[in-house]
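> Spelled out from the first residue to the last, the chains are:
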Amino acid sequence: MLLYVFRRLLTAIPTLFVIVTLAFFLIRVAPGGPFNQERGLSPEVKANLEAQFGLGDPLWLQYWHYLQNLLHGNFGPSYNLPDFTVGELFAKGLPISIQLGASALTLALLIGSTLGIIAALNQNKAADYAVIATATAGSTIPTFVIAPIIQLLFGLTWKLLPIGGWGDGALINKIGPVLTLALPQIAIVARLMRGSMIESLRSHHIRTARALGLSDWSIVVKHALRGALLPIVSYAGPAAAALLTGSIIVETIFAIPGVGRYFVDAALNRDYTLVMGTVVVIAIFTILFNLIVDILYAVVDPRVRYD
Amino acid sequence: MNTSQPILAVKDLRVRFRTLDGQVDAVKGINLHVNAGETVAIVGESGSGKSQTMMAAMSLLASNGEATGAVDYRGRNLLGLDKSALNDVRGRKITMIFQEPMTSLDPLYTIGNQLMEPIRRHRKLGKTEARKEALRLLELVKIPDPERRLKSYPYEMSGGQRQRVMIAMALANDPDILIADEPTTALDVTVQAQILTLLAELQRKFGMAIVFITHDLGIVRRFADRVYVMRYGEIVEEGVTDALFSAPAHPYTKMLLAAEPTGRKAAPPTGAPVLLEGRNVEVSFKIGGGFLAGPPLFLKAVDRISLALKRGQTIGIVGESGSGKSTLGRALLRLLPSEGSIRFGAREISGVSREAMRPLRRELQLVFQDPFGSLSPRMTIGQVITEGLLVHEPSLSSKQRDARAVEALLEVGLDPNMRNRYAHEFSGGQRQRIAIARAMILKPKVVVLDEPTSALDRSVQKQIVDLLRKLQADHDLSYLFISHDLAVVRAMADYIIVMKQGQIVEEGLTDDIFDNPRETYTQTLMAAAIDVKKFRIAS
Numbered sequence: 001m002l003l004y005v006f007r008r009l010l011t012a013i014p015t016l017f018v019i020v021t022l023a024f025f026l027i028r029v030a031p032g033g034p035f036n037q038e039r040g041l042s043p044e045v046k047a048n049l050e051a052q053f054g055l056g057d058p059l060w061l062q063y064w065h066y067l068q069n070l071l072h073g074n075f076g077p078s079y080n081l082p083d084f085t086v087g088e089l090f091a092k093g094l095p096i097s098i099q100l101g102a103s104a105l106t107l108a109l110l111i112g113s114t115l116g117i118i119a120a121l122n123q124n125k126a127a128d129y130a131v132i133a134t135a136t137a138g139s140t141i142p143t144f145v146i147a148p149i150i151q152l153l154f155g156l157t158w159k160l161l162p163i164g165g166w167g168d169g170a171l172i173n174k175i176g177p178v179l180t181l182a183l184p185q186i187a188i189v190a191r192l193m194r195g196s197m198i199e200s201l202r203s204h205h206i207r208t209a210r211a212l213g214l215s216d217w218s219i220v221v222k223h224a225l226r227g228a229l230l231p232i233v234s235y236a237g238p239a240a241a242a243l244l245t246g247s248i249i250v251e252t253i254f255a256i257p258g259v260g261r262y263f264v265d266a267a268l269n270r271d272y273t274l275v276m277g278t279v280v281v282i283a284i285f286t287i288l289f290n291l292i293v294d295i296l297y298a299v300v301d302p303r304v305r306y307d
Numbered sequence: 001m002n003t004s005q006p007i008l009a010v011k012d013l014r015v016r017f018r019t020l021d022g023q024v025d026a027v028k029g030i031n032l033h034v035n036a037g038e039t040v041a042i043v044g045e046s047g048s049g050k051s052q053t054m055m056a057a058m059s060l061l062a063s064n065g066e067a068t069g070a071v072d073y074r075g076r077n078l079l080g081l082d083k084s085a086l087n088d089v090r091g092r093k094i095t096m097i098f099q100e101p102m103t104s105l106d107p108l109y110t111i112g113n114q115l116m117e118p119i120r121r122h123r124k125l126g127k128t129e130a131r132k133e134a135l136r137l138l139e140l141v142k143i144p145d146p147e148r149r150l151k152s153y154p155y156e157m158s159g160g161q162r163q164r165v166m167i168a169m170a171l172a173n174d175p176d177i178l179i180a181d182e183p184t185t186a187l188d189v190t191v192q193a194q195i196l197t198l199l200a201e202l203q204r205k206f207g208m209a210i211v212f213i214t215h216d217l218g219i220v221r222r223f224a225d226r227v228y229v230m231r232y233g234e235i236v237e238e239g240v241t242d243a244l245f246s247a248p249a250h251p252y253t254k255m256l257l258a259a260e261p262t263g264r265k266a267a268p269p270t271g272a273p274v275l276l277e278g279r280n281v282e283v284s285f286k287i288g289g290g291f292l293a294g295p296p297l298f299l300k301a302v303d304r305i306s307l308a309l310k311r312g313q314t315i316g317i318v319g320e321s322g323s324g325k326s327t328l329g330r331a332l333l334r335l336l337p338s339e340g341s342i343r344f345g346a347r348e349i350s351g352v353s354r355e356a357m358r359p360l361r362r363e364l365q366l367v368f369q370d371p372f373g374s375l376s377p378r379m380t381i382g383q384v385i386t387e388g389l390l391v392h393e394p395s396l397s398s399k400q401r402d403a404r405a406v407e408a409l410l411e412v413g414l415d416p417n418m419r420n421r422y423a424h425e426f427s428g429g430q431r432q433r434i435a436i437a438r439a440m441i442l443k444p445k446v447v448v449l450d451e452p453t454s455a456l457d458r459s460v461q462k463q464i465v466d467l468l469r470k471l472q473a474d475h476d477l478s479y480l481f482i483s484h485d486l487a488v489v490r491a492m493a494d495y496i497i498v499m500k501q502g503q504i505v506e507e508g509l510t511d512d513i514f515d516n517p518r519e520t521y522t523q524t525l526m527a528a529a530i531d532v533k534k535f536r537i538a539s
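Taken in order, these protein sequences are the chains called A and B.
Position 18 of the first sequence, counting from 1, maps to 18 under the working numbering, and the rest follow consecutively.
Position 416 of the second sequence, counting from 1, maps to 416 under the working numbering, and the rest follow consecutively.
Chain A with its partners taken away, still in its complex shape (with noise of 0.2 Å):
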């Protein structure tokens, strides 16, 4: 297994170089430059601008040069809040934008889970169809409408919650944003656990534990639950990895700063370190969080077998 972990790690590297020179390419051949914006610039100013982040050297140099950065673990400034480093912008806000996103994700987990066995447990009762109406409503009602919902409600009206705001990171500030990041994803592994669990308890095996009359509990949770969690653990990494780097809708309405914002915001102002920066941590995240899922498909299932 500590074999099978190294390797995928080293066959990372080739994966995350072929992702940073699409990106790096990519995000060049889009129109427009990170000084193009901003209006008053004259010809002289953004010439010297231009050469001082080397943005005049042929496009190969300044890959090599990128390349050499990103090695030594410099992402380069950022062009358009040149105060900070890409590396100082990750540094502040990837922990927060995490901390929401692994809340939402264990939230979404266990009451999506806890919802989807229930649903299974009652097929075409009114419990199943409750859920379902509720993922249903869950997964099509978008972010940006729950997340001003939650704010007038909690916030304007009944005035629980703080409209928006991180505060320091208390906990008050983060109910908001992590219930409308949650929501969804409740929706969706509600429906998938009820899919799987379904399939989990037609299975012969779960009509051996019935026919050898072992308890309710036995069957759900030891001999249905175990093979019904393979589907969830497959969503859950690339979800995750969605999650913790950040949401611009959540991030923007809320006015928490972390780390969504800086993808869209980033590829807009062609701010070409931030969007490579962007980039290189969802790779990350992205990689990571599959081989996670790899390593717990195994945990699950003795079947799976990486030696």
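Just so you know, these hints were derived from the structure itself, not from any lab.
Hints are supplied without guarantee of correctness; some may be wrong.
Label-pair ranges, simulated between beta-carbon atoms [claimed, not checked]:
(1) B:Ala-249 <-> A:Glu-199: 42 to 50 Å
(2) B:Glu-282 <-> A:Val-304: 16 to 24 Å
(3) B:Leu-299 <-> A:Val-304: 16 to 24 Å
(4) A:Pro-238 <-> B:Glu-387: 33 to 41 Å
(5) B:Asp-12 <-> A:Ser-218: 27 to 35 Å
(6) B:Thr-190 <-> A:Asn-124: 31 to 39 Å
(7) B:Lys-124 <-> A:Pro-257: 54 to 62 Å
(8) A:Glu-199 <-> B:Ala-473: 46 to 54 Å
(9) A:Pro-302 <-> B:Val-240: 42 to 50 Å
(10) A:Asn-124 <-> B:Ser-246: 46 to 54 Å
(11) A:Pro-238 <-> B:Leu-299: 29 to 37 Å
Here are some, though not all, of the chain A residues that point toward chain B, as calculated from beta-carbon distances under 7 Å [what the hints assert, rightly or not]:
(12) His-204
(13) His-205
(14) Arg-207
(15) Thr-208
(16) Arg-210
(17) Ala-211
(18) Leu-212
(19) Gly-213
(20) Leu-214
(21) His-223
(22) Arg-226
(23) Pro-302
(24) Arg-303
The beta-carbon is built from N, C-alpha and C at its ideal position, and this holds for glycine as well.
Fit chain B to the known structure of chain A by using the hints.
Chain B in isolation, oriented as in the chain A frame:
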């Protein structure tokens, strides 16, 4: 063994399923009983309701199923019991083993863990004692190296071993009744015989009653004291085994008894030309290997096999699962990469490209085992059977293709008016006819038949065998008939190749192989098959 004291009495049992197409009555008010220590068989073909009867008794029906009537076990109606009272009977007094040994154990827990569960549940034993019991049970069902096997997972064991584990679990709490639902159908013949012998032995030892649910009359004849014959949810005939077999009263029972394929195929004339010839054919599969994972292993599925199929000949390829018989069939049709030489007519086809193979494909056809999976559910059967014509006879107009479809369907005994229907509207036997029509429409010379009758009921099997023989006679076809079912092979083939682990163990004319097998393996195979059907019925 009969103590003539009914311990289980099924009274006016009805099983009904609610489906999208309305209610389906699977069991229509049957009565049967089981005496202590006796062996009762419930016989019937698929869809007769034989399994659902016992599923209902055990409250194991699917969630859309509903049972009414009574199932009295020692005076208590099991159908009315609440769950905890029911679970004191299930797995303890009445237990059950199933047809699917490969999937009936939980793949995620060790054998030991699963064996200990019913013991601990019903006998309230501690972990150490339960483990001792589990070990004793594994020894009882003759699993070699039981101490180590406790820590094995189901996927590490063969089908036969898994069925032994199932039996061990079922016997863990010394039950009164063991219900065995087609316990050996999914197993190879030699393993089948072992499992049946084990069951008989355990019954002698512990004296429990056994209810055999089966379609296999050989098993019934050999093991059952009494028989119930079921059809369309009703019991059509019942009686003591010997009496029922020697003087069946109901026409359906008579039909079942006569359903074993009979007849022999004569060898082709001596001058018949060789159509398909393989020399030292070898197929190996790569296992594992890759980046940092070391060199791959190679498994030889087919190991230097030579055979020559003459025009009008049927070569039966016999062997147990994993012997490489299907792989050989596919390799000879160039559907799998292989080593060695394969000649079709005068032409060497072993190195030929896919494009060059294509025109030859119409003459080399294949019919698969699974009539449920091998027909596209999204095409009408008219489209299914004429699809090959689009490739091989593109000049045909759609009218001509349709005429060919009608012709092909008539030839396999189906109503051509059904060609606009979809595969799911047909029964297993009809689907196999469709699959045969799909091969025949191209007017092939060689057809590889890969277990074409294995998924079918005996009575349907016989019809398919008759159809295949008629087609062969009409078109002078050559068959490669792959099967594990010796009775069918004997009726179909004039020459037999016995395979084991990728190699030919023995080959020869059908009657020689069946009557005087030389090799030990062939003898075991024959003995196992004949053992089960020892008392053959003169029909």
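> Quick check on A:Leu-212 please, does its C-beta sit within 7 Å of some C-beta on chain B?
holds (4 Å)
> Per the hint of 27 to 35 Å, is the separation of the Cβ atoms of B:Asp-12 and A:Ser-218 within bounds?
holds (34 Å)
> Would the hint on A:His-204 stand, with a C-beta cut-off of 7 Å toward chain B?
holds (4 Å)
> Next item in the hint list is A:Thr-208. Is there a CB on chain B closer than 7 Å to its CB?
Result: holds, 5 Å to nearest chain B Cβ.
> I want to verify a distance hint. Is the separation of the beta carbons of A:Pro-238 and B:Glu-387 within 33 to 41 Å?
Given range 33 to 41 Å: holds, Cβ gap about 39 Å.
> For the pair B:Lys-124 and A:Pro-257, does the Cβ-Cβ distance stay inside 54 to 62 Å?
holds (59 Å)
> For the pair A:Pro-238 and B:Leu-299, does the Cβ-Cβ distance stay inside 29 to 37 Å?
Holds, since A:Pro-238 and B:Leu-299 (Cβ atoms, about 35 Å apart) stay within the stated range.
> Return the status of the interface hint for A:Leu-214: holds when the least beta-carbon distance to chain B is below 7 Å, violated otherwise.
This hint holds: A:Leu-214 lies near chain B, its Cβ roughly 6 Å from the closest one there, short of 7 Å.
> Quick check on A:Arg-210 please, does its C-beta sit within 7 Å of some C-beta on chain B?
holds (6 Å)
> Return the status of the interface hint for A:His-223: holds when the least beta-carbon distance to chain B is below 7 Å, violated otherwise.
Where the cut-off is 7 Å and the nearest Cβ of chain B is about 5 Å from A:His-223, the hint holds.
> Per the hint of 42 to 50 Å, is the separation of the Cβ atoms of B:Ala-249 and A:Glu-199 within bounds?
For B:Ala-249 and A:Glu-199 the Cβ distance comes to about 45 Å; the hint holds.
> Is the shortest C-beta separation between A:His-205 and chain B less than 7 Å?
holds (4 Å)
Hint compliance for this structure: hints 2 and 6 are broken, all remaining hints hold.
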